[in-house]
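Model the full structure from these sequences, guided by the hints.
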Amino acid sequence: MSQLYRAAPLDGLILHPLDSMTLIFQKASGITHIVADPVPAILESMETESVTADEVARRLSNSYDLEESGDIVDIVLARLVELCALGLVEQV
Amino acid sequence: MTDKSNLDQEPSGNLDAGESTAIVTRRRALMMGAVSASAVISIKPALAQTAGSVLNCEIPVPGNHAEGGYIGADGRIVPPDTPGAFPPAGRHFTGEEVKRAMNGRSLPGTSYDQSKAYVNYIRRLQSGQSGFTCYASLQMPR
Numbered sequence: 001m002s003q004l005y006r007a008a009p010l011d012g013l014i015l016h017p018l019d020s021m022t023l024i025f026q027k028a029s030g031i032t033h034i035v036a037d038p039v040p041a042i043l044e045s046m047e048t049e050s051v052t053a054d055e056v057a058r059r060l061s062n063s064y065d066l067e068e069s070g071d072i073v074d075i076v077l078a079r080l081v082e083l084c085a086l087g088l089v090e091q092v
Numbered sequence: 001m002t003d004k005s006n007l008d009q010e011p012s013g014n015l016d017a018g019e020s021t022a023i024v025t026r027r028r029a030l031m032m033g034a035v036s037a038s039a040v041i042s043i044k045p046a047l048a049q050t051a052g053s054v055l056n057c058e059i060p061v062p063g064n065h066a067e068g069g070y071i072g073a074d075g076r077i078v079p080p081d082t083p084g085a086f087p088p089a090g091r092h093f094t095g096e097e098v099k100r101a102m103n104g105r106s107l108p109g110t111s112y113d114q115s116k117a118y119v120n121y122i123r124r125l126q127s128g129q130s131g132f133t134c135y136a137s138l139q140m141p142r
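Sequences listed follow chains A and B, in order.
According to the working numbering, the first sequence is numbered sequentially starting from 1.
According to the working numbering, the second sequence is numbered sequentially starting from 1.
Read the hints as simulated data drawn from the structure, not as lab findings.
Glycine residues also receive a C-beta, built at the ideal position from the N, C-alpha and C atoms.
Incorrect hints may have been included.
[As the list claims (entries may be wrong)] Among chain A residues calculated to face chain B with C-beta under 8 Å, some are:
#1 ILE31
#2 VAL35
#3 GLU67
#4 GLU68
#5 ARG79
In structure tokens, the structure reads:
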């Protein structure tokens with residue numbers, strides 16, 4: 001449960017917010033990801049640190065009014081796993 | 001509407017009744033979605049879309065842009081005969097071979113450290129360099 005995650009270094013990405021979506025271009029792979037909430041907020045909250053899903057959830061609930069339909073930590077964890085598969089987040 | 005007030009405000013938003021700060025803190029609402037609701041769509045480079053290309057595409061180590069160079073342990077191109085660096089592979093590796101190597105096996109015909117150096121080189125490939133599109137296709141989810 002204490003798996004740590006770290007976001008990919010920002011200098012390897014180009015981020016472009018588009019209203020409710022954000023484009024993330026990954027320089028290394030040339031892939032563009034179109035991400036919706038809460039992904040940009042999750043990446044932003046991680047900064048450059050190695051953090052657990054619980055810590056990310058705590059940071060989000062400190063910064064935002066969360067509109068959730070389930071357990072926040074479970075949702076954050078699902079997104080982190082998804083981002084790991086894309087190379088936008090790595091397991092530490 | 002977007003007044004940012006007390007930065008120290010607790011998330012619960014309970015204002016201290018004793019203080020006359022009649023400011024209502026409004027934070028941005030964040031749609032969390034559901035566990036099963038994927039939040040990402042990826043646009044892949046056009047050349048890397050077919051599944052066959054992942055298996056059969058080739059990555060030269062090193063590519064034309066670094067011809068004659070040796071590969072350092074960290075994957076950087078270094079001058080020939082640099083101590084600790086590995087000579088050019090002298091062959092192309094297929095996407096399938098590289099994919100296996102990224103999962104912990106060694107590239108065919110290489111030692112453990114040599115394979116790691118070559119994989120590090122491949123990870124550093126940038127758009128426009130030989131092998132890049134093949135490598136990019138390996139990174140596609142699913």
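Under the constraints set out in the numbered hints, which ones does this structure not fulfil?
Every hint satisfied by this model.
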